[in-house]
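Sequence order for the protein chains is A and B. Each residue of the first sequence is one higher than the one before, starting from 9 at the first, in my numbering. Each residue of the second sequence is one higher than the one before, starting from 86 at the first, in my numbering.
Think of the hints as simulated: they come from the structure by calculation, not from any bench. We put the beta carbon where it would ideally sit given N, CA and C, even for glycine. Keep in mind that a hint or two might mislead.
What the hints assert, rightly or not - Chain A is faced by these chain B residues, among others (derived, beta-carbon under 8 Å):
id : residue
1  : Ala227
2  : Gly282
3  : Leu284
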Amino acid sequence: MRKANAVTLFFAFLLVPFLAYGAGYYEGKTLTIVVGYKPGGGYDSYARLIAKHLPKYLPGNPTIVIQSMPGANSIIGANHLYGAAKPDGLTIGTFNNGLVIAQLTRVEGVSYDLTKLSWIGSLANDAAVLTVRTDLPFKTVDDLRKAKEPVIIGATGPGSSTFDFPALLKEFAGINVKIIPGYSSSADVMLAIERKEVDGRAGSYASILPFIERGLVRPLVRTRVSVPEIEKLPVDEDLATSARGKAILAIRSTPEAIYRPYAAPPGTPPEVVKILREAFAKVTQDKELLADAKKGKLPVDYVSAEESLKLVREVLKQPPEVVQEIAKYIRFGD
Amino acid sequence: MLDAFVQGLVVIFEWQTFLMMLLGIFLGFWVGLLPGLGGATTLALMLPFIYKMNPVEAFAFLLGMHSVTATTGDITSVLFGVPGEGSTAATILDGHAMAKKGEAGRALGAALMSSLVGALIGAFALALAIPVVRPLVLTFGAPELFMLAVVGIAFISSLSGQGGRALLRGFLAGLLGLLVSLVGQDPQGGVQRFTFGQLYLWSGLDLVPVLVGLFAIPEIMDLAVRGTSIAGEISEKNLNRGVWQGVKDTFHHFWLTVRCSLVGTFIGILPGLGGGVAQWIAYGHATQSARDSTERSGFGKGDVRGVLGPGAANNSKEGGSLIPTIAFGVPGSSSMAILLGAFFLQGIIPGPDMLDKHLVLTFSMVWTMVVANVITVAVSLVFLNQLAKLTMIRGSILIPFILLLAFIGAYTSNNHVGDLLVFLIFGLVGYVMIRCGWPRAPLVLGFVLGKIAENNFYISTIRYSGAWLHRPVVLVLLAITLVVVTYPFLQMRERKSQIDEAIA
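Isolated chain B (complex conformation) (with noise of 0.2 Å):
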């Protein structure tokens, strides 16, 4: 095993797999960057390219791509407020904040320094998961899931803001999430729910147009009336400072970077709960680490945090997502449903063999996404500085360049001009949402949840009745389900006594 951990690093420094994962990463950069071209669609086109290579060498192209999109996602997100990567649209509530305030470069620095925290944590977990892999992934059931997307709803309650009036409209909020994400026809009858008689709404809703929508057009927006750039009227030099604060900072909230991590692998290692949802669980996660009131209402307003947590997750996911691939040859997310193709071109059934016969290969890809992102990374660190000045253009230069990078983003998902609709309507919600002070994150939080939930429910419904209730897993996710939805409360309590001792 040790022996195999060890060679698994030794193959991918041969120079020629070297070769090929650097000019994985050099591909991986710009798709990330690029709201457009998605992580999953570089895959697909890049897959006729491995026939001639063998198994290490052309794992090492495909996740050395792979594992940096998330990572360079997230500069796009925090520049321009525009999602690079569906899986990165969280960053954009404060890390596009930040920028707003002049504070670009902390905030990528933070972004890019948690991505790899986020990166090793994901490839360490997986090494060690490893042995114990296959009860890991068996224990979660239709039940299972299903109260595990309860878990994630019930975090609406701290996505919302703080008060009575606030939490009420983060619940309304989710249920609209909850009932957008109804759209498209439902897999037990066959009924089409909320179609329009439209062929393009069968499938329902994609996640990019609507992110997209929802988080760029505001900002399209608010940059256009401001007439400003986007750091507003900061000076050159405030600017350049930040990017080792960033750094810094993923040091200094060390503990909750980690968690966010271990949130993002988990959610990584079942399949079916797909890419978008750890961003989000983890961003409600950092918001509870708020200690009072204040530090709570300065989340969506550019606090590092909520970088960090999002930044760590989305690359944490990653790791774990390839566990259920290699171990049962089946795939946790649309990028590894790809990926299995590709073990296939090799000749290699993914499978138990995957942790024995080729675990050298295994240890081979651990150790990829580790080091695609020390390389991105650090590369990435020279030039921050400089991406961050694109926040000191004028937003009149700038706007047609963004509109132009979010259209294109929107349209890619199918081809059809229903995406752009969506894109719009979005942006419209989006926009009335923010300008009436309601809460975008509950909304996205109820999309990408709503369908795991009711799916998964009556999966569990038809097949045990009603004894999945009793089953232990799920009571202690119930209990979880519990503390999130009180937390807000019992915080705000604490609060209040702390207050009331000090007058005392």
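This is chain A alone, in the form it adopts within the complex (with noise of 0.2 Å):
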């Protein structure tokens, strides 16, 4: 009798992690997601696309919230998810995918290690494009490399790919461009296209598309990361000049393919992390999900936690003389 309640005892404890992180393990709980922007932009919009139908595959269908911890380009969220978040996989996050070069290049404030998150993976990629406004003759990257005076790309501000992108190309792939710096937003640089005050500009193929559809800028030159439409576009690493100059733009770019990346607090258990990874697995293949996105102009395209991981590590692993060449032209800022 007394054998049979120990062996009872033995297995309740082996069932205790299944009992904990099974079935019902996010019955009646709250999922916070924590966001590090402001409502409303990008990593926002993603976030509000999972809460909404993220619940229905996980076990037990828990609330979902987003808390926005906004600020340093999401180095404060990051460093909250990192050192502060309970392991308990009621809270993950979601940052700038360039935040693995401010490790990098050891930006002062990282406190994270991005390697050490329990990675979920990235919900989308996305190529950055560099584009001129249709009216100017500009057709190729030889046409920028010979243009006689600068065409001149608005931008705003160094940390962000509408300065960075154009800044290595011109110096690595010689194009002729003078970048200007000082817009609020680039929706703000888009006005200025409209008006002629500069020629063009850079940043993230999405957010570009409605633009290029209207006819008001043409891409010329991509980023690694294929997209079908643009797949026909050169690559700016193909471009460079130099060997070194292939290395960091290729550096520049790589985080790319994790655009939109998800993970929990380093430590969380990995029954847990697992339920997330399949979760988002599957709901990235869920048809709500993906009419809402289409709908909403959020391409999605699940790249996964050992993907993205992968990817991390490869950007991270650079020797410490490339690392100081990749500081001088990359800062990251806000």
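Using the hints, build the complex out of the two chains.
If you want it as structure tokens, here you go:
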């Protein structure tokens, strides 16, 4: 009898993880998604899209809430996720994909280590493109190289792809451009294009797409992540005239493959992480989510946790001398 | 065109659409009243609900909500001296001063009625501007925006008190504001300015905690020190008469209200100037309407014109800020950036099509803003006398609530403890400034315009070298700047000669 009790007890202990993390782990609980930005932007829109559709793929259908933690281009949010959030699977977060470069170049204030986060994956990838006005005669990158007067590119500021991408192309691919930072948002740059104050802009393909479709600007060069419609455009790293330039351009655009990253705090129980990963993998195939995403112009293309982490490590494994070079050209900012 | 104009009105009175608008108005009413909830944040929260609506319903809902927040935000500003929205802070200066004189009802009546006039003018400006909107927006490049910021900064001369000493204080306060606007990473070199190694300061100081601190804390301290109710020892009978008086004031100073509405619309049209600017320039303009120095010194102590100006401008700018959003797909403010997301959700690409293929929808948006404001003001007028009674409640009971509202209001801008520190620091600054007789408005003006001036000056110079100085609009704005700067001096001289004449 006593022995039987002990055996039951033993099996009960074995069962604990399954009871705790299995069938009803999220039942009656709230899952918080920490977003490193204010409401309204791209990271926030994706989080809300997920919050709407994810519950039905989690055991116990939890409520999902969004917590905005803006500041320092989402470093504040990532630091919180890394150092302060409880690793119980009830808090996950999303942050700027470029944070890996901030970690690489040791930006002041970074206290997170992306390799230690419990990765869930990325919801989408995106390519950066450089576009110029369609009423100008520049149709290829070569035209930009041969331009007699510098082509004027409007930008927000260092640390954004509107600035860094054309700056690197100028340095390493020899295009004749003059970059003017200081616009308050990328939408503001678009308006400057309309009034012909500037000749073009760079930025994420998804965000410029409406203006390409309207015939205002045309893309001339893209980064390595391939999006079907612009597959034929030349890729930035192939245009670099030196090996060093090629390497730096490649590193800048690597994180774009995990454009909308999601992760849980370090030390989140593997069982819970597994639940979350599976749920993300499924929800990104969900027909209703895809329909909403299409309406909101939020492309969805899930990248697995393993793949995400691999890319992060790939960026971070640079030797110190390369890191120094990168830090010279890419300043992570707000 | 006329057809679409009428059609736009008809569609918003279809019952589902109208119901959605009423729901929006109800939400917007509360969002405006509560300092913590901003119009932009709420728009973002409501976006998921529009998936199932058709475009007209969706925008009736969103714009119905959005266009009343500035209206009801004025109520909190007047009653408690806590800005209900970042864009309703200027109403505090005279609105809350009136409440302290026992004229809360009158101030509320004036704020609401001028809001209505502003909203109507903004909406009709939007309707009228539709044919010329593209050239209008395209005329204003970086050089023109820089000069506009300079015109705005020049209003410091009107917002300071009178006499050399007061002007000097005004300019110093304005400079402090410009200095505060420098905090954060600069967009040219990526240098961190005055961030003291704090991540929180990277993106600069937020408008809301600064404003709430600057205005609410001194009022709370004042209330605590006086130990009475906000309205002091005024009998309730006096209080109740006010609302109609306030409504009448709006029409008594009708042209001022109209001019300030136009100022608001114009600033709204230009993307990048931001919602914080219109109210202060309108306030500055209102102070210019003072006919003599006694009248001028009444501003800040409860002159109803100081309520009418910002009240009108912060509503009319909403109509204006829709213009770049629908005509170019380029948002004029953070709220409009979120609204742009709503356009995409509805499968509409804002841009030239909105003035052509979707013209009925565009006009339905104009009408939504008009109808939503009419309903809000009509409903509010019924309750205003009751609301005004809040100023009769003993301070010791009211203070905890106001303090809570102020703290939450500051904290929700970033959900960061830094917000509270900024709030408290600027509260202290505001208190010291009041005690020493320094004007706060120039500080705010410098703060909201500093970054705009800096960035556009940089862009202009890099892009055009010195050539931007010859652009015609720049020259016109330069002339306006000179007039604005010298106006108080001219006024002073004129008065002096009048007095001399009288003596002789």
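Status of the hints after comparison with the structure:
1. About 6 Å separates the beta-carbon of Ala227 of chain B from the nearest beta-carbon of chain A, less than 8 Å, and the hint is met.
2. Annotation: interface hint on Gly282 of chain B holds; nearest CB of chain A at approximately 6 Å, less than 8 Å.
3. A cut of 8 Å between beta carbons decides the hint on Leu284 of chain B: the least distance to chain A is about 4 Å, and the hint holds.
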